[in-house]
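Undergrad: The residues making up each chain are set out below.
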Amino acid sequence: MGELNKKSAKILVFSTEKISDPAIDMAGLLKLHYPPTVYTISIPCSSGIKPSWILYAYEKGFDGVFIAADGSDCIYGESCTEKTGNLVSKTHNLMKEKNIDPARLRMAAICSVCSESFVKQVRGFNEYLLKTLHA
Amino acid sequence: MEKKPKRIGVYVCHCGGNISDYVDVEKVRRSVEGEDAEIVVLAKTTMFACSDANQREMVEDIKANNLDSVIVSSCSPKLHMLTFRNVSVRADLNKFTYVHANIREQASWAHSDDKNGATEKAIHLVKAAIAKARYAEPLETNKIRAVKTVAVIGAGVAGMKAAISLAQKNTDVILIEKEPFVGGRVAQWDSLSTTTETGKEMVKRLYNELLKYDNITIMTNSEVIENKGSVGNISLKIKKTPRFINATACHPDDLKRAIEVCPVEVPDDFNFRLNSRKAIYKNYPSEYPQIPVIDVKNCTRCGECEKVCKAIDFNEKEEIFEIVAGSVLMATGFDSYTPAYGEFGYATSENVITLPQFKRLIDTQFDKLIYKGKEIKTIAYIYCVGSRQTDGENTYCSRNCCTSTIHAALTAKNKFKNITNYHFNRGLRTYGKQEILYADSLRSGDIYFQSYEDGLPKVSVEGAKTIVKVNDVLTNNREIEVEADLVVLVTGMVPRSDNSIGTLFKLPKGRDKFYNEVHMKLRPVETVIDGITIAGACQGPKNITESVNSALSAATKSYTILSRGELETDPLVATIDPEKCSWCGACEEACPFDAILKVENGKKVIAEINNTVCKGCGMCAPVCDPDAVNLIACSSREIMSMIDALV
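Line by line, the protein sequences give chains A and B.
Sequential numbering of the first sequence, starting at 1, is according to the numbering used here.
Sequential numbering of the second sequence, starting at 1001, is according to the numbering used here.
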């Protein structure tokens, strides 16, 4: 577990270059504030995230991992939603094996204009993590 | 043999104060210089990383320090990734060795409420970029074919000008208009400022010019209902609604009679509901295309038109077309603000109308200005209705309404006798050459009263009289009262209420809810969706000149994207580790592009990537149990090293 931060949990966001990155950038442009311990790594598509990366993030001290998924907007095709869902399920199982609360991994479809939705999601996730990990 | 450590240069941008007002950029610089001294051989802050001077300095630094890779920590990569990749190229570095850190949208702006938090986050983001840069390798770009066709959505003045400009550049254009006729808002104005040409004449001139080009296809009564693909290859599905009139059997006199005999009367939106029109209609005689349309929602199928005109054909069916475009230029225009019930007497007083209604009233009246049976002599204009709101959502200035109002007031005065104009404004914004109109208005005797947002004019009805009162700041807050025959609410531009096209293309909107450009100065007609450009008033309030300027700019940008017939894409394809792979087929099953080949490799069968087909989505990577698949620039070692830096 990372060093306890009473104000905000450490959240790693996997975001996609074409779809959710613009939404996260626009959240900044609109000054929609969220915890500063939310960090983003950009990838081409949410269905390309390896479960090993997520587990590594917990191992190194992240409290939560949030997948800002492409959803049905994915430029690589309709199968993205199902494949991202599959990798989340697979990771949840691996987390259970390691006694990591599966709720520490969240996923939501964040479209290119879903700035408010993104901020709402990470704020809610932050509250959950603070309550369950740092109470 | 162990690789020589890379020599990395880091630049931390102030962005004027956009970053440094919230992020301690010097602290960021020191933190990366100190901890990563082994590989970070140069760390600088700069006021504007994107400035020409800094770019030149970067080139000199790269050469003088033998840098292998450069990181700029500044705004979103959407804005300047390309700029700094090009700097790397000018300094003889491979552009894929460049790494960008976004410390503006994702640090200084997102956490402007927490300066320490923003600074700490910026430090972590820059360190993550350094971690990524450690592994960044020189790469060659991929090339994909780009369809040299632009779909222009919206055939108002902006859309038509953009279409002509593109056609002149030997680009195929599909001009798609949702309404049955071209011309948009400008077709509604008979009188325009700074020109003697009317709006209708301008539309006619542009339409006739469109017809000169074989490479322009005009589709009216048509709307995009589906889009797929990405820049260079965007598939659009277009629904064309029938006009129910056979153009080839069309005789103008018969059609004129068909309109006359139609018994249906519906409010005429073209004239802002000041009067009514028939179910078979043209908004005005010289409208284009010159074929009327049947408003099937209101048509009662009485058959009267069919009796007098053979061209009426209710058997026409809706059609679906599929086209492929390399780029889409959005010119979907604006709506006029509709005041709320009772707002300055709107809808509660019969003598209160909006500016667009007033302009149509002037255009459709002759000799005397008559409204609801009464001759109008005294007109009160209340400015900024629905704009610069302190309580409502529209906090922006709609820019063109001051000029438009003064122009309409002068037109009324010149066209009709004994008109007196009273302007209740909040400070006039007749910028640039439009100030000439304001001077003309003053010379003609128009009277101006001014108030601030906390002292707006009040409209009241006393018997048959409509009274406008204000405490005028120009006369030391003296209460002024005007009895007006007509009150004109100067309503501004608002985004289209029907945003279905924006939703379809997932176009980002700004705080004003108009479509948002990447950067208002540096990339003013591009959106964050690659290949989609914006023009005209769908981007924000604009007059005709400004709309045309942006349309020409957007046309040039869309053309630039497609002009070479091919696009360069990042070569971020998947790779297979032959040592780890022993062919299970999972990656082949996961790949939506059939980019995985099954090949013999010595004694075993393994997967191989077809680089020309691979799109770099990475779907094959998570399904590989032995972890033999990695994406270039997003490999496990890069991602994990970034996680190390971020935690």
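By construction, these hints were calculated from the structure, which means they are not laboratory data.
Accuracy of the hints is not assured; some may be wrong.
To be verified - Calculated lysine-lysine pairs in the DSSO-like style (CA-CA distance at most 27 Å, straight line):
1. A:Lys-31 x B:Lys-1506
2. B:Lys-1509 x A:Lys-120
3. B:Lys-1006 x A:Lys-60
4. B:Lys-1095 x B:Lys-1521
5. B:Lys-1027 x A:Lys-60
6. A:Lys-131 x B:Lys-1115
7. B:Lys-1237 x B:Lys-1178
8. B:Lys-1458 x A:Lys-120
9. B:Lys-1557 x B:Lys-1598
10. B:Lys-1598 x A:Lys-90
11. B:Lys-1044 x B:Lys-1027
12. B:Lys-1178 x A:Lys-120
13. B:Lys-1240 x B:Lys-1143
14. B:Lys-1604 x B:Lys-1580
15. B:Lys-1509 x A:Lys-90
16. B:Lys-1228 x B:Lys-1212
17. B:Lys-1465 x A:Lys-31
18. A:Lys-7 x B:Lys-1115
19. B:Lys-1580 x A:Lys-60
20. B:Lys-1143 x B:Lys-1506
21. B:Lys-1115 x A:Lys-31
22. B:Lys-1580 x A:Lys-98
23. A:Lys-31 x A:Lys-7
24. B:Lys-1143 x B:Lys-1095
25. A:Lys-120 x B:Lys-1115
26. B:Lys-1115 x A:Lys-60
27. A:Lys-7 x B:Lys-1027
28. B:Lys-1506 x B:Lys-1377
Claimed, not checked - Short, incomplete list of chain B residues facing chain A, as computed with Cβ under 10 Å:
29. Ile-1216
30. Glu-1226
31. Ser-1230
32. Ala-1249
33. Asp-1253
34. Leu-1631
Claimed, not checked - The following residues of chain B were derived to be distant from chain A, with all beta-carbon distances above 12 Å:
35. Ser-1112
36. Ser-1276
37. Thr-1527
38. Ala-1621
No residue lacks a Cβ here, since even glycine has one placed at the ideal position from N, Cα and C.
Undergrad: Once the shortest beta carbon distance from Ala-1249 (chain B) to chain A is found, is it less than 10 Å?
TA: violated, 44 Å
Undergrad: Measure nothing beyond the straight line between the CA atoms of Lys-1027 (chain B) and Lys-60 (chain A); if it is 27 Å or shorter, mark the hint as holding.
TA: Distance of about 25 Å is within 27 Å: holds.
Undergrad: Does the alpha-carbon distance linking Lys-1143 (chain B) and Lys-1095 (chain B) stay inside the 27 Å limit?
TA: Holds: Lys-1143 (chain B) and Lys-1095 (chain B) sit about 15 Å apart, inside 27 Å.
Undergrad: With 10 Å as the cut and Cβ atoms as the points, is Glu-1226 (chain B) at the interface with chain A?
TA: violated, 12 Å
Undergrad: Next pair to validate is Lys-120 (chain A) with Lys-1115 (chain B); report whether the Cα-Cα distance is within 27 Å.
TA: Holds - the C-alpha atoms of Lys-1115 (chain B) and Lys-120 (chain A) are around 21 Å apart, at most 27 Å.
Undergrad: Does the alpha-carbon distance linking Lys-1115 (chain B) and Lys-31 (chain A) stay inside the 27 Å limit?
TA: Status holds; Cα separation ~13 Å.
Undergrad: Let me know if the C-beta of Ile-1216 (chain B) comes in closer than 10 Å to any C-beta of chain A, holds or violated.
TA: violated, 28 Å
Undergrad: Quickly compare the C-alpha distance for Lys-1580 (chain B) and Lys-60 (chain A) to 27 Å and report which way the hint goes.
TA: Distance ~25 Å between Lys-1580 (chain B) and Lys-60 (chain A) Cα, so the pair holds.
Undergrad: If you draw a straight line from the CA of Lys-1598 (chain B) to the CA of Lys-90 (chain A), is it 27 Å or shorter?
TA: holds, 26 Å
Undergrad: Below or equal to 27 Å on CA atoms is what counts here, so check Lys-31 (chain A) against Lys-7 (chain A).
TA: holds, 19 Å
Undergrad: Can we keep the Ser-1230 (chain B) interface hint, with Cβ of chain A closer than 10 Å?
TA: holds, 5 Å
Undergrad: With the threshold set at 27 Å, check whether the alpha-carbon distance from Lys-1006 (chain B) to Lys-60 (chain A) stays at or below it.
TA: holds, 25 Å
Hint compliance for this structure: hints 8, 9, 12, 13, 15, 16, 17, 28, 29, 30, 32, 33, 35, 37 and 38 are broken, all remaining hints hold.
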